[in-house]
Amino acid sequence: MVLFFSLFKTLVGKEVTVELKNDLCISGQLHSVDQYLNIKLANIRVHNEQKYPHMISVRNCFIRGSVVRYVHLPPGAVDVEILHDATRREARGG
Amino acid sequence: MTSSIAAAARKLGVDTDVSLTEARDVVLETADEEELTSKCPGVDFVLGDDMNAGAGVLHLTTRRVVWVSSQPSGPAFALRYQQIMMHAISRDPTSYAKPCIYLQLDEGSEDMGMGGAGGDGEEEEEEEQVSAEVRLVPAEDAKVDEIFKVLCDCAALNPDSEVEGEGDFFFDEAEVMAGLDPQTRAAVIADRLEEGMDLDDQGEGEAMENGTREDLEQLVGNDPSRFEDDEEEDEGQGQPDGAQ
Numbered sequence: 001m002v003l004f005f006s007l008f009k010t011l012v013g014k015e016v017t018v019e020l021k022n023d024l025c026i027s028g029q030l031h032s033v034d035q036y037l038n039i040k041l042a043n044i045r046v047h048n049e050q051k052y053p054h055m056i057s058v059r060n061c062f063i064r065g066s067v068v069r070y071v072h073l074p075p076g077a078v079d080v081e082i083l084h085d086a087t088r089r090e091a092r093g094g
Numbered sequence: 095m096t097s098s099i100a101a102a103a104r105k106l107g108v109d110t111d112v113s114l115t116e117a118r119d120v121v122l123e124t125a126d127e128e129e130l131t132s133k134c135p136g137v138d139f140v141l142g143d144d145m146n147a148g149a150g151v152l153h154l155t156t157r158r159v160v161w162v163s164s165q166p167s168g169p170a171f172a173l174r175y176q177q178i179m180m181h182a183i184s185r186d187p188t189s190y191a192k193p194c195i196y197l198q199l200d201e202g203s204e205d206m207g208m209g210g211a212g213g214d215g216e217e218e219e220e221e222e223q224v225s226a227e228v229r230l231v232p233a234e235d236a237k238v239d240e241i242f243k244v245l246c247d248c249a250a251l252n253p254d255s256e257v258e259g260e261g262d263f264f265f266d267e268a269e270v271m272a273g274l275d276p277q278t279r280a281a282v283i284a285d286r287l288e289e290g291m292d293l294d295d296q297g298e299g300e301a302m303e304n305g306t307r308e309d310l311e312q313l314v315g316n317d318p319s320r321f322e323d324d325e326e327e328d329e330g331q332g333q334p335d336g337a338q
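Protein chains in written order, with the numbering used here: chain A, 1 to 94; chain B, 95 to 338.
Keep in mind the hints are simulated off the structure, nothing from the lab.
Every clue listed holds true.
Some chain B residues judged to face chain A by a derived CB distance under 7 Å, without partners named:
| hint | residue |
| --- | --- |
| 1 | MET179 |
| 2 | HIS181 |
| 3 | ALA182 |
| 4 | SER184 |
| 5 | SER189 |
| 6 | TYR196 |
| 7 | CYS246 |
| 8 | ALA250 |
| 9 | PRO253 |
| 10 | ASP254 |
Over 10 Å on every C-beta distance to chain B, these chain A residues come out as not near it, computed from the model:
| hint | residue |
| --- | --- |
| 11 | PHE5 |
| 12 | LEU7 |
| 13 | THR10 |
| 14 | CYS25 |
| 15 | LEU83 |
In the DSBU-like style, the derived pairs of lysine-lysine whose C-alpha atoms are separated by at most 35 Å in a straight line are:
| hint | chain 1 | residue 1 | chain 2 | residue 2 |
| --- | --- | --- | --- | --- |
| 16 | A | LYS9 | B | LYS243 |
| 17 | B | LYS105 | A | LYS40 |
| 18 | A | LYS21 | B | LYS105 |
| 19 | A | LYS14 | B | LYS243 |
| 20 | A | LYS40 | A | LYS14 |
| 21 | A | LYS51 | B | LYS192 |
| 22 | B | LYS243 | A | LYS40 |
| 23 | B | LYS192 | A | LYS21 |
| 24 | B | LYS133 | B | LYS243 |
| 25 | B | LYS105 | B | LYS243 |
| 26 | B | LYS133 | A | LYS9 |
Built from N, CA and C at the ideal position, the CB exists for glycine as well.
Hey, can you work out the whole structure from these sequences and the hints?
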């Protein structure tokens, strides 16, 4: 998991979309991440307002790492080749 | 009214059977190293859209978020941080009249792989499906920032158990392979063949490890049964350069 922690640290300040296990999708600026991949987002925008209308008013939030299904990254934010190599190395070395 | 809130809370996984002292303080689970981080009086507990349990004292411990009603015989609710999927500060008056902490709870249904549509099948049973949302509304607006921060800090102290490790990374193999460029895909497949060289049964045909196909054919020559297991007692096989 250290790999992803390092990866997300490089994305701090960038715009990401976090998809939770309950299908909630939140976009925002990545404010911070910790070793458990708990994520803090700033200036958030909720995508499925119909299901959670109250979230529209929320500006910043803290998302528990274990409920994240996907983190959608901005294109070009990550060097995919390097990430491929790193994950393969970790999978082998693990 | 409160009993229905307690019932609704229980359905969402909220602990409504909280141990309290005579003075209605929280009994800490010392075996679990639970410590009180902050105590904030004058906080309303609101479940779902509008089920307000009234004013109470919010106890934030290193293991739980506990709210105790100010009413002498009122309810007490406790949440473990593992249940809190997300928490945030809500300041928009159109969403809720006062600034408050908004929490979304994990009912666990998603983890069980039950329904992406989120509880459609359950609605018929009870009158309403209360959404798994809780608001903690302090009488003092300024308190929201402090409560938010404490929640962040304490949530970080309560990661999920270590059972979840590297090996729990699930992925759709077909999808991953499809997303690779041809060269990488070929390399991955080649890697797999190399690693998975567990020669079974006859051991012929797959023995690429120490040589090429031609080498094998040369060895087998005109006697395909050369490397097969002996049925009876025989001189034993001559296996060249440890193809196993």
